[in-house]
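Chemist: Below, each chain spelled out in residue letters.
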Amino acid sequence: MDENWASGLFTFFSAVVILLAGWRWDFILRRRQQKSETIRELRSLLQDLQAQAIEYWTVPLEKTDNHSLEIQARKLQALFHLLSKKVAQFKKKYDAGDNQLSPMLRHFNHIITGDEFGSSERKPDLDKIPKISSRGREIILELERLIE
Amino acid sequence: MGSSSMKIINVAREFSEVPFGRFRSDSRFSGEAFREDLLIPNLKNESEVEVILDGTEGYGSSFLEESFGGLIRHGFTLDELKSGKLRITANDPEYHVYRDQAWAYMEKETERSG
Numbered sequence: 701m702d703e704n705w706a707s708g709l710f711t712f713f714s715a716v717v718i719l720l721a722g723w724r725w726d727f728i729l730r731r732r733q734q735k736s737e738t739i740r741e742l743r744s745l746l747q748d749l750q751a752q753a754i755e756y757w758t759v760p761l762e763k764t765d766n767h768s769l770e771i772q773a774r775k776l777q778a779l780f781h782l783l784s785k786k787v788a789q790f791k792k793k794y795d796a797g798d799n800q801l802s803p804m805l806r807h808f809n810h811i812i813t814g815d816e817f818g819s820s821e822r823k824p825d826l827d828k829i830p831k832i833s834s835r836g837r838e839i840i841l842e843l844e845r846l847i848e
Numbered sequence: 004m005g006s007s008s009m010k011i012i013n014v015a016r017e018f019s020e021v022p023f024g025r026f027r028s029d030s031r032f033s034g035e036a037f038r039e040d041l042l043i044p045n046l047k048n049e050s051e052v053e054v055i056l057d058g059t060e061g062y063g064s065s066f067l068e069e070s071f072g073g074l075i076r077h078g079f080t081l082d083e084l085k086s087g088k089l090r091i092t093a094n095d096p097e098y099h100v101y102r103d104q105a106w107a108y109m110e111k112e113t114e115r116s117g
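Heads up: the sequence lines are chains S and X, in that order.
Take 701 as the starting number for the first sequence in the working numbering and just add one per residue.
Take 4 as the starting number for the second sequence in the working numbering and just add one per residue.
Everything labelled a hint here was simulated from the structure, so no lab data went into it.
For glycine and all other residues, C-beta sits at the position ideal for the given N, C-alpha and C.
Please note that the accuracy of each hint is not assured.
[Said to hold, decoys possible] Partner residues aside, some chain X positions facing chain S, computed with beta carbon under 10 Å:
id: 1; residue: Phe18
id: 2; residue: Leu67
id: 3; residue: Thr92
id: 4; residue: His99
id: 5; residue: Tyr108
id: 6; residue: Glu112
id: 7; residue: Thr113
id: 8; residue: Ser116
id: 9; residue: Gly117
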């Protein structure tokens, strides 16, 4: 009788341990998946922003018009704001307070929407191409580092 | 000397939800317009001015530089602005970047002109 009771108890606890381990494993996998999705979303947004910024800063004035240029500029400003919002959500979700993201975002916004940004007389600035590319890449690398 | 009151400027409510561009020739709601029509008159007439950045569709750096860096070019000093004369508030975290940029432009212009 006692032996059966002890065996039943052992089986019960074994089942509980297996269930808890499975739950924990599932939690880890889901969390990893969420992180990958977040990074994928941010990378896609950044790539879109980089492509539009490069187009904005390289198109010669004679190949565009004021109206198109202004639309492009306003889109860029709105896209950066969306990026800032997404990064703020990311920092809150992953408790990423102390990092290089804030100065990187500041610098990135300065490059893409500074100088003659928004002006109908803005001159193409090819020097911005490598800066836009490398600063965007640095932001992605920092995001990836923070959720490792 | 102005009164001892404090003026709160909510950019989205009192200026525009879509501030854009550096000069008036770029947009009605440019950095130049914000600085000349709201910031400077209030900084001259009030003892303290608080600028609330939240609620807009973001800020371009050219707007921020012209608005805030432009204050230094128009005779204000970083010391007087930092000592409480000017407060820049960003309650939502996505606006923190703009607040920090605004102060960075005032510092940069001070270094440049100094």
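Chemist: All the hints need checking, so say for each whether the structure fits it.
Modeler: Here's how the hints hold up against the structure:
no.: 1; hint: Phe18; verdict: violated, 15 Å
no.: 2; hint: Leu67; verdict: holds, 9 Å
no.: 3; hint: Thr92; verdict: violated, 16 Å
no.: 4; hint: His99; verdict: holds, 7 Å
no.: 5; hint: Tyr108; verdict: holds, 9 Å
no.: 6; hint: Glu112; verdict: violated, 13 Å
no.: 7; hint: Thr113; verdict: violated, 17 Å
no.: 8; hint: Ser116; verdict: violated, 18 Å
no.: 9; hint: Gly117; verdict: violated, 21 Å
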